[in-house]
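Here is how the chains run, residue by residue.
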Amino acid sequence: MIVAKIHGEAILELPQDLYIPPEALEVVLDTFEGPLDLLLYLIRKHNLDILDIRMAELTRQYLDYIDVAKQRHELAAEYLLMAALLIEIKSRMLLPKPAEIEAEEDPRAELVRRLLEYEKIKQAALMLDALDQAGRDFLLPGIPRDWLDMPELPGIDPEDLRQAWISVVSRVKMINPHKVELEELSIREHMARILKKLQGLDAVEFVELFEAGTGLAIFIVTFLALLELARENLVSIVQADVFGTIYVKANNEF
Amino acid sequence: MNSDKARIVVETALLTTEEPISLVELARLFDGEIAPPEIENMLSDLRCKWADSGLELVEVSSGWRFRTKPEMQKFLDRLNPKKPPRYSMAALETLAIIAYRQPVTRGDIEDIRGVAVSTQILKMFESRCWIEVVGHRDVPGRPSLYATTSRFLDDLNMSSISDLPPLQNTNSLFEQQDNNDSGT
Amino acid sequence: MNSDKARIVVETALLTTEEPISLVELARLFDGEIAPPEIENMLSDLRCKWADSGLELVEVSSGWRFRTKPEMQKFLDRLNPKKPPRYSMAALETLAIIAYRQPVTRGDIEDIRGVAVSTQILKMFESRCWIEVVGHRDVPGRPSLYATTSRFLDDLNMSSISDLPPLQNTNSLFEQQDNNDSGT
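Residue numbers (my numbering), protein chains in the order written: chain A, 1 to 254; chain B, 255 to 438; chain C, 439 to 622.
Isolated chain A, as found in the complex:
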């Protein structure tokens, strides 16, 4: 048996969800985001084409709905405003159209536009919610940097030192130029190295100061550094017997 025809298509039975029991309305009401949401719900539940809303039916359902809700809720003004709008649209559709304003837009058009836009946004909201969200669906690595509390120390580079040296030298040159002389760096470096090695020790064998495998140049520089240390009276070089072991000791360790 054909119950109804929608767009020329035969409907054989009533949609199951066409009727909403009144006591269910209150529960459902809280889930609606507003009158547009409620209208969309009613339209979709009726499986109706949003473009071809049957205003009489929709308005009746909507009014039933807010009537029930009104008894138990303080109803938001937006719902009443929507009710007024629906009734206005319905009444305009009932009026016979004089020929001269036939071209007038369907009174439902604006409502349909808003419903479609709202439905799009509703879907967009669900799509947004479905996106992976930092903190909810994935986490971010954040290994703490342990040293952040440490005060930052000034950084320098070798060029800073050279500039500082030049500044010292040029100043000294003005005062007393002959006191400054250029020395072979590596001899100075080895002097410091030898002193460090001697530190805390009674004496070190002369040959131990020469590291095997470091090459002739290093041997010579080490030897020169030793001579310089002796000249500056920073180390003593001792040989007890002829051809005996030569010992080197720091003079501060007496």
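Hints were generated in silico from the structure; no laboratory data involved. Check the hints yourself; a few may be wrong.
[To be verified] Covered, in the sense of this in silico footprint (three residues per stretch, anywhere, with C-beta under 8 Å from a C-beta of chain B), are these stretches of chain A:
1) 33 to 45
2) 115 to 128
3) 135 to 143
Remember, it's a predicted structure, so these values are computed and weren't measured experimentally. Just so it is clear, CB atoms sit at the ideal spot from N, CA and C, and this is done for glycine as well.
The hints should help you fit chains B and C onto chain A, whose structure is shown.
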């Protein structure tokens, strides 16, 4: 510095910040010694290196960052059972309007949703740095214009607003219109 | 779950948690399916795996966590640059004298600079482990002899003191000396 060492530095920087790091910022790690194109190569090396792990290197709106893969969440949730609350439909709709229709005023949002927008919802997204006021519409009252931030894109793992899922037409309306159009 | 997959889960948990995670908590990741001793094995595997990176896996009192290796600091600090502090000219000159003329006493430095050297400057470089006392000159008062340290070389990216910029040709003073040298 050799490139293995440099790659380790880039990896460490990315693992120690929750914020994404841009190429320009990554170049700062090396005081300009390594050019951005070379750093881009390192990033793609790192992406391969991490392919079989629980994190992945991704490019989002404000730069590069690691994130956990979705399949890890099941386990990680057991470690930290408190989950951030889900947003209400009202909040999500408001966010969707700002994201898809930006810049919008509060009035625009109310027009689309058909109900008043609670100040709380806007404040909540503002405090999460997901939306911000980007200007004022030149009408009486000069209402604020809201737009989404790059933090919003980062948190949703997108590099631009065009990565948002496309809006769907929900009705035959447009099909019909198309037919009508082609008929005329 | 196979143990490779489980190790990935443990690694991911450790990389995304700021607090150390105990063995018991790590076992929670697997809902008790994997026993703590097996997780301990994974942790030691992970420690080896990370050995050559910028992070290291360490056990602290409350559990396991990753931390950044100290040698990464230099680079990571450049990401959030503050205005870098600088040494005074007096401090730099003192350091230059120690670097180029080591070993020197405080008196030597004062002779060269022509002004008194503040104890604070020497203390500052000593506490930074850039200079150290390597001996005492055998003269009345037995003054300390200062030299630079290997830490100083490391921090300035030099492998030896001879990597210091050469002083030749930087000043007419040295040019004269060079001429003299070549003349002899």
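Hint by hint, here is what the structure shows:
{"no.": "1", "hint": "33 to 45", "result": "holds (count 5)"}
{"no.": "2", "hint": "115 to 128", "result": "holds (count 13)"}
{"no.": "3", "hint": "135 to 143", "result": "holds (count 9)"}
Of the numbered hints stated above, none is contradicted by the structure.
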